[in-house]
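Asker: Here's the letter readout for the chains.
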Amino acid sequence: MEGKALSLRALSVLRPGEGGIVSVVASHHLAPKLVEMGLFPGKEVKVLFRAPFGGPMAVEIGGGYTLSLREDEAMLVLLDPENF
Amino acid sequence: MGEKRNIALAGNPNTGKSSLFNLLTGLNQHVGNFPGVTVDKRTGECRLGPGHAAGVLDLPGTYSIFPRSADERIVWEVLGNAAHPDHPQLVVVAADASNLERNLLLFTQLHDLGLPLILALTMPDMALERGSMVDVQALSFHLGVPVVVVNGRTGEGLDDLKSLLMSDIPAPRAFRFCVTDLLTLADQPEAQIRDTEWRYSRIREILRKCQVRKDSNQDTASLRSRLDRFFVHPVWGYLVFVGLLMLIFQLIFRFAEYPMEWIEGAFLALSRLAADYLPAGVFTDLLSEGVIPGIGGVVIFIPQIALLFFILSILEESGYMARVVFIMDKLVRPFGLNGKSVVPLVSSVACAIPGIMSTRTIPSWKDRLITILVAPLMSCSARLPVFMLMIRLVVPDGNLWGFFDLRGAVLFAMYALGVISAIAVAWVFGKIIRTGEQGFLLMELPAYQLPRLRYVFLHVREKAGVFVTDAGKVILAISIVLWVLASYGPPGQMNRALESMKQAHPEWSPDSPEYKEALAAVRLEHSFIGIIGRGIEPVIQPLGYDWKIGIALITSFAAREVFVGSMATIYSVGEDFEEGLVERLRDERYPDSGQPVYTLASGLSLMVFYVYAMQCMSTLAIVRRETRSWKWPLVQLLYMGVLAYAGAWITFVTFS
Numbered sequence: 001m002e003g004k005a006l007s008l009r010a011l012s013v014l015r016p017g018e019g020g021i022v023s024v025v026a027s028h029h030l031a032p033k034l035v036e037m038g039l040f041p042g043k044e045v046k047v048l049f050r051a052p053f054g055g056p057m058a059v060e061i062g063g064g065y066t067l068s069l070r071e072d073e074a075m076l077v078l079l080d081p082e083n084f
Numbered sequence: 085m086g087e088k089r090n091i092a093l094a095g096n097p098n099t100g101k102s103s104l105f106n107l108l109t110g111l112n113q114h115v116g117n118f119p120g121v122t123v124d125k126r127t128g129e130c131r132l133g134p135g136h137a138a139g140v141l142d143l144p145g146t147y148s149i150f151p152r153s154a155d156e157r158i159v160w161e162v163l164g165n166a167a168h169p170d171h172p173q174l175v176v177v178a179a180d181a182s183n184l185e186r187n188l189l190l191f192t193q194l195h196d197l198g199l200p201l202i203l204a205l206t207m208p209d210m211a212l213e214r215g216s217m218v219d220v221q222a223l224s225f226h227l228g229v230p231v232v233v234v235n236g237r238t239g240e241g242l243d244d245l246k247s248l249l250m251s252d253i254p255a256p257r258a259f260r261f262c263v264t265d266l267l268t269l270a271d272q273p274e275a276q277i278r279d280t281e282w283r284y285s286r287i288r289e290i291l292r293k294c295q296v297r298k299d300s301n302q303d304t305a306s307l308r309s310r311l312d313r314f315f316v317h318p319v320w321g322y323l324v325f326v327g328l329l330m331l332i333f334q335l336i337f338r339f340a341e342y343p344m345e346w347i348e349g350a351f352l353a354l355s356r357l358a359a360d361y362l363p364a365g366v367f368t369d370l371l372s373e374g375v376i377p378g379i380g381g382v383v384i385f386i387p388q389i390a391l392l393f394f395i396l397s398i399l400e401e402s403g404y405m406a407r408v409v410f411i412m413d414k415l416v417r418p419f420g421l422n423g424k425s426v427v428p429l430v431s432s433v434a435c436a437i438p439g440i441m442s443t444r445t446i447p448s449w450k451d452r453l454i455t456i457l458v459a460p461l462m463s464c465s466a467r468l469p470v471f472m473l474m475i476r477l478v479v480p481d482g483n484l485w486g487f488f489d490l491r492g493a494v495l496f497a498m499y500a501l502g503v504i505s506a507i508a509v510a511w512v513f514g515k516i517i518r519t520g521e522q523g524f525l526l527m528e529l530p531a532y533q534l535p536r537l538r539y540v541f542l543h544v545r546e547k548a549g550v551f552v553t554d555a556g557k558v559i560l561a562i563s564i565v566l567w568v569l570a571s572y573g574p575p576g577q578m579n580r581a582l583e584s585m586k587q588a589h590p591e592w593s594p595d596s597p598e599y600k601e602a603l604a605a606v607r608l609e610h611s612f613i614g615i616i617g618r619g620i621e622p623v624i625q626p627l628g629y630d631w632k633i634g635i636a637l638i639t640s641f642a643a644r645e646v647f648v649g650s651m652a653t654i655y656s657v658g659e660d661f662e663e664g665l666v667e668r669l670r671d672e673r674y675p676d677s678g679q680p681v682y683t684l685a686s687g688l689s690l691m692v693f694y695v696y697a698m699q700c701m702s703t704l705a706i707v708r709r710e711t712r713s714w715k716w717p718l719v720q721l722l723y724m725g726v727l728a729y730a731g732a733w734i735t736f737v738t739f740s
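These protein sequence lines map, in sequence, to chains C and E.
Residue 6 in the numbering used here sits at position 6 of the first sequence, with consecutive numbering throughout.
Going from the second sequence to the numbering used here is simple: count from 1 and add 84.
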């Protein structure tokens, strides 16, 4: 378990095409909203593309739909990288 | 006939909930507002069959029952409180069949509130395409409520829904999905997260039992990703957006102009008709010079509002607008704006009214308020006649650095001044306005789809209707007040001025045009507005204006373009004022010093004044409507007035 916790990566640092399984959503006033929008632990997500100039990123949530979120919002979501 | 049922429609945003509402109610819909908040209340009536009708309430779209915006709070209050006057007897939950997992979260929450529910699966064509259509009967069995598939595009399944709406739906067994009482979780974010996670695991379990997996259609997925790559490209993305904006303005200026001219002509004819055929008197004057032009002043905005919302809702419906927000968010954030502020601000270059009305999509109140406050700084089309008159008057026809047309450059500078000021003021308000909430983006990028014209037209009708009924009342009231002030003055002074005019020109017959023009000029000059205009002369003198400009400034509070007409009346140049007015103004000199009144300095100063000043009661009325208070329109009037005065003064001093 210890080793696994160390290998978590924030959604915000992922490049297009990379993905993983949501592991933790950091404690923040936006956290309930992120979870409601489908970023709950166990959900598979994949970065589709990012806006130019460090803008928001588009993330595919479990094949269901595309969510767009800012970098500082994506920072709250920690992923377990899945075979990358 | 049975008792009329009250039904509420709930669901996530972008689920086709609104098209379901349109299908159910058709044109029998009405937009009002929930008391005390800025949320639209969309209600309608649905005919279910002979003798059966239902009242339908379209609740704002939300992902969860726990509110995070004013819109979502309404859902929480209406559905969570059985004593609420709008609490329904039955809730139809619209859920996107192609994305059921997330859509069912709200469903399970409403279920646990103990509300009688029907689940309506929308967008079945998209679900089939993606190969994610569920087994409807199994879903109904596991959820314990009736499930019906309704295609919002074709109307397929609507009759099934209607017959369900007539039948008796029992309230579900409470706490089927979770054991906590939702209503106690309102202020407990940690508990909300645990509750939501638990619900999702239950939903996944149920969906696993109902899913009929088939191969998805890869073609649409790849088309979508190709479109996305293009629309969010660092070069093409912005070029497409700018190109589209140019096209929109071309359309608005080209097509809105004709109906606006017709409306103007029709109301002018109506005024004349009233003046000619009704018995002469105060009442007829009020009707022909106050009420009819006042209503005309409201109706004249409809072509621009309708056309702009027609285009905006097509862009919104197609899914493109979300991509604009996506690429613009980072660029405007340093200035206290949201990606969603961009389209309202750009629309304001045509007219601030539809621009401000389209800020509804901005989720954070602070971001939305700042956008509303700065939108009127974008130079709207009503400023153009003022700019054109002044440019022709004071800017020489020539070239700048050899290749720029000097007059064109000045016009461009005025527009640029508006944009730069809007950004700067947004930044300042961002520092001043403190609200507890923090802005966020977090939005769904909806799939691309062909816009449905029916929905687009309903949207246009709704926006135009809201403008006429809500803002129209205020505009009409102010126009009547302005008319009274411009038509009446202290009788002694007015009569003396009329006598001296008649003595100076005994040769004029009362029917001659010279007499009528001079009469209008004298009446305006000695009306209450004229007296105010003279009274403010010492205040506006530092800006390079005389009392005649003062009068035009006050009359054009109704709308900026009135400035030109008022100048024509004051200088009594009559109906064909275009050329005559410029000539007449050029000759105007101060009686004491003999210096010309309109110089480069005073002309530029006047243009800068119009860039900044809140000379538009219609905008103030719509800001009051959108913010539900007089506070923000007054703040706007004040800060823009201060900017106008300071800016005009600096301009005048610099160029003198």
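By construction, these hints were calculated from the structure, which means they are not laboratory data.
Treat the hints with care, as some may be off.
To be verified - Here are the computed lysine to aspartate or glutamate pairs in the DMTMM-like style, where the Cα-Cα straight-line distance is at most 25 Å:
no. : chain 1 : residue 1 : chain 2 : residue 2
1   : E       : K450      : E       : E289
2   : E       : K414      : C       : E60
3   : C       : K46       : E       : D271
4   : E       : K125      : E       : D481
5   : E       : K600      : E       : E667
6   : E       : K450      : C       : E60
As the list claims (entries may be wrong) - Selected chain C positions facing chain E (Cβ under 7 Å, derived; list incomplete):
no. : residue
7   : P16
8   : P32
9   : P52
10  : G54
As the list claims (entries may be wrong) - What follows is a set of in silico ranges between Cβ atoms, one per label pair, in the way DEER data are often shown:
no. : chain 1 : residue 1 : chain 2 : residue 2 : range
11  : E       : A255      : C       : F53       : 25 to 31 Å
12  : C       : L8        : E       : G549      : 49 to 55 Å
13  : C       : G17       : E       : V326      : 24 to 30 Å
Because the structure is a prediction, the values reported are computed rather than measured.
Note that the Cβ used here is the ideal one computed from N, Cα and C, for glycine as well.
Asker: Take the hints in turn and mark each one as holding or not.
Answerer: Status of each hint after checking the structure:
no.	hint	in the structure
1	E/K450 with E/E289	40 Å, violated
2	E/K414 with C/E60	20 Å, holds
3	C/K46 with E/D271	31 Å, violated
4	E/K125 with E/D481	54 Å, violated
5	E/K600 with E/E667	20 Å, holds
6	E/K450 with C/E60	29 Å, violated
7	P16	10 Å, violated
8	P32	4 Å, holds
9	P52	4 Å, holds
10	G54	6 Å, holds
11	E/A255 with C/F53: 25 to 31 Å	52 Å, violated
12	C/L8 with E/G549: 49 to 55 Å	52 Å, holds
13	C/G17 with E/V326: 24 to 30 Å	29 Å, holds
Checked against the numbered hints above, the structure breaks hints 1, 3, 4, 6, 7 and 11 and satisfies the rest.
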